[in-house]
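Enquirer: Sequence:
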Amino acid sequence: MRIGIIYNTITAGEARDSGDVAPQNEVLDIVDRVKSELELRGHAAIPIKLCPDALPMLRGFDVIFNFAEGMGPDLSNEPFIPAYLDLFGIAYTGCPSFALQICGDKPRMKKLLEAEGIPTPRSQFFRTGQENLDRGLTFPLIVKPSAEHASIGIGPESVVENEDELRKRAAYIIETYEKGAIAEEYIGGREINAALLEDMNGAVVLPISEIVFELPDGLPRIVAYEAKWIEESVYYKGTMPVCPAVLEEWLFERITELAKRCFEAVGARDYARVDFRVRGNEVFVIDINPNPSIAPACSGLVCGSLAAAGIGYGELIERLLELAVSRKIEKKGEGVKTERFSAYGLDFRTVVPEDAPLLAKWFNDRENTAYMDGQSEHYDSNDLFGRIMDSKDRDFIVETDGRPIGFASIYDIDEHNGNAEFSVIIGENADKGKGYGKKIVRWVTDYAFNELGLVSVFVSITVENIASIKAVKAAGLKEIGLRRKYHRVGDRFADDILFDMTDDEYRAMH
Numbered sequence: 001m002r003i004g005i006i007y008n009t010i011t012a013g014e015a016r017d018s019g020d021v022a023p024q025n026e027v028l029d030i031v032d033r034v035k036s037e038l039e040l041r042g043h044a045a046i047p048i049k050l051c052p053d054a055l056p057m058l059r060g061f062d063v064i065f066n067f068a069e070g071m072g073p074d075l076s077n078e079p080f081i082p083a084y085l086d087l088f089g090i091a092y093t094g095c096p097s098f099a100l101q102i103c104g105d106k107p108r109m110k111k112l113l114e115a116e117g118i119p120t121p122r123s124q125f126f127r128t129g130q131e132n133l134d135r136g137l138t139f140p141l142i143v144k145p146s147a148e149h150a151s152i153g154i155g156p157e158s159v160v161e162n163e164d165e166l167r168k169r170a171a172y173i174i175e176t177y178e179k180g181a182i183a184e185e186y187i188g189g190r191e192i193n194a195a196l197l198e199d200m201n202g203a204v205v206l207p208i209s210e211i212v213f214e215l216p217d218g219l220p221r222i223v224a225y226e227a228k229w230i231e232e233s234v235y236y237k238g239t240m241p242v243c244p245a246v247l248e249e250w251l252f253e254r255i256t257e258l259a260k261r262c263f264e265a266v267g268a269r270d271y272a273r274v275d276f277r278v279r280g281n282e283v284f285v286i287d288i289n290p291n292p293s294i295a296p297a298c299s300g301l302v303c304g305s306l307a308a309a310g311i312g313y314g315e316l317i318e319r320l321l322e323l324a325v326s327r328k329i330e331k332k333g334e335g336v337k338t339e340r341f342s343a344y345g346l347d348f349r350t351v352v353p354e355d356a357p358l359l360a361k362w363f364n365d366r367e368n369t370a371y372m373d374g375q376s377e378h379y380d381s382n383d384l385f386g387r388i389m390d391s392k393d394r395d396f397i398v399e400t401d402g403r404p405i406g407f408a409s410i411y412d413i414d415e416h417n418g419n420a421e422f423s424v425i426i427g428e429n430a431d432k433g434k435g436y437g438k439k440i441v442r443w444v445t446d447y448a449f450n451e452l453g454l455v456s457v458f459v460s461i462t463v464e465n466i467a468s469i470k471a472v473k474a475a476g477l478k479e480i481g482l483r484r485k486y487h488r489v490g491d492r493f494a495d496d497i498l499f500d501m502t503d504d505e506y507r508a509m510h
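The numbering of the sequence shown is the working numbering, which starts it at 1 and goes up by one.
Keep in mind that a hint or two might mislead.
To be verified - The calculated DSSO-like cross-link candidates involving lysine-lysine, where the alpha carbons are at most 27 Å apart (straight line), are:
hint, residue 1, residue 2
1, K434, K478
2, K260, K361
3, K328, K260
4, K470, K438
5, K111, K35
If you're looking for bench data, these hints aren't it; they were derived computationally from the structure. Since the structure is predicted, the reported quantities are computational estimates derived from the model, not experimental observations.
Please model the entire structure based on the sequences and the hints provided.
Expert: Put into structure tokens, the structure is as follows:
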């Protein structure tokens with residue numbers, strides 16, 4: 001299988017804060033490890049650093065492992081990447097666009113949680129920093145960027161005790177990260193992390209992890225940026241994850257229930273992580289992480305839970321690949337309506353993506369395309385695969401005794417006006433001149449009027465294409481006009497003859 005691994009990185013010059021490079025570039029370790037695991041399993045794995053120019057080539061892969069959090073330094077376009085893949089029917093790992101949009105916008109995510117009855121700390125969003133303070137909030141508060149992850153923008157100064165500190169921190173966040181700040185009530189209890197991994201039956205909560213805080217007095221008990229990314233820091237050494245966590249039965253059940261509800265509420269897929277704070281017998285969701293880090297170093301806390309569950313890294317990659325492939329098969333079934341017909345001694349079946357190499361062979365044969373539009377175009381199998389998945393046309397492979405001999409397409413279907421155009425190709429040179437063209441055109445008119453319910457069909461044929469002219473006339477189409485010097489044939493321009501048939505004419509013949 002041909003698999004693309006997409007990712008993005010940023011340089012120190014591109015980062016909004018000098019410390020923000022590490023979490024973005026951790027992905028390089030992930031890409032290397034995933035590539036190795038896929039190659040061990042016999043797949044061709046190709047890493048691609050994502051940029052706009054790279055997008056078209058993604059259509060040539062069977063599956064995409066999506067580790068891209070944007071393009072370059074711009075993380076705001078992260079949700080557009082799976083949306084692009086969905087648009088072109090490309091199977092990929094991880095969460096869809098909706099989940100990334102929701103979880104990348106913390107105020108919006110919290111509103112969704114509240115609507116779902118999932119407990120989350122009370123909060124206020126600051127767009128400018130000048131908004132009136134919600135007096136219902138209780139200090140201390142923790143101030144975070146509203147659209148960042150990986151603890152970016154979070155440090156000991158994020159926990160504020162009064163309005164002056166709040167205004168100062170919010171102003172810094174707004175100026176640095178440009179998307180606004182969210183201030184939420186600081187829950188000073190235990191921090192619990194629940195990683196989820198899907199199988200074919202749904203999301204399963206992996207062994208739950210807890211952050212054990214061993215910090216000096218005066219430092220707030222939070223997972224700051226330093227705790228994840230600066231190994232020599234006090235926060236890194238004083239916030240060790242323990243997995244599996246030792247939890248009371250009620251707390252284990254509550255965390256498991258809420259984690260699954262969060263996964264479903266945001267539309268997560270394949271894998272995710274939910275972060276909690278526990279105060280007494282109250283459990284609060286403080287964040288949901290779609291596509292959390294699966295770095296071998298476990299900074300994303302997912303790999304620790306996988307290890308505790310006895311799931312190796314290679315097994316994880318196999319699981320993600322299986323899930324993506326299963327969606328590809330489902331999508332293929334949805335995107336290509338399979339039809340089969342037999343008439344006039346021939347068989348007609350819907351074109352499927354597996355036909356792309358055959359069609360590329362036929363369309364790249366200049367003898368077949370001499371009178372076609374786009375005759376100079378080179379057709380690539382991967383490009384044709386994408387076109388087939390996206391096509392709204394009715395395209396058919398024509399066979400005799402199970403052997404493909406040609407192609408028929410009804411295209412530019414105008415449902416409102418009830419008309420369409422069609423084209424026919426005899427793909428194999430040995431099958432030309434045997435009368436197949438007339439039979440195929442007859443079947444096309446049968447399908448157009450009986451299956452699609454059209455009121456007219458139309459075809460345009462270059463005057464020099466004698467075989468096609470004979471075929472459409474024999475099938476009963478009428479010549480209705482001429483498009484002069486419409487078609488380039490070599491270094492000349494030739495006229496096209498226009499033919500059509502109406503439903504009344506078709507019924508009169510049958």
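Enquirer: Each hint needs a verdict: does it hold in this structure or not?
Expert: These are the hints, each one checked on the structure:
In summary, the hint linking K434 to K478 is supported, as the alpha carbons are separated by about 23 Å, within the 27 Å threshold. For the hint linking K260 to K361, the alpha-carbon distance of about 49 Å lies beyond 27 Å, and the restraint is violated. Between K328 and K260, the direct Cα distance comes to roughly 24 Å. Compliance with the 27 Å bound is thereby established for this hinted pair. Pair hint K470 plus K438 holds up; C-alpha atoms about 8 Å apart against a cutoff of 27 Å.
As the CA atoms of K111 and K35 are separated by approximately 38 Å, the hinted pair breaks the 27 Å bound.
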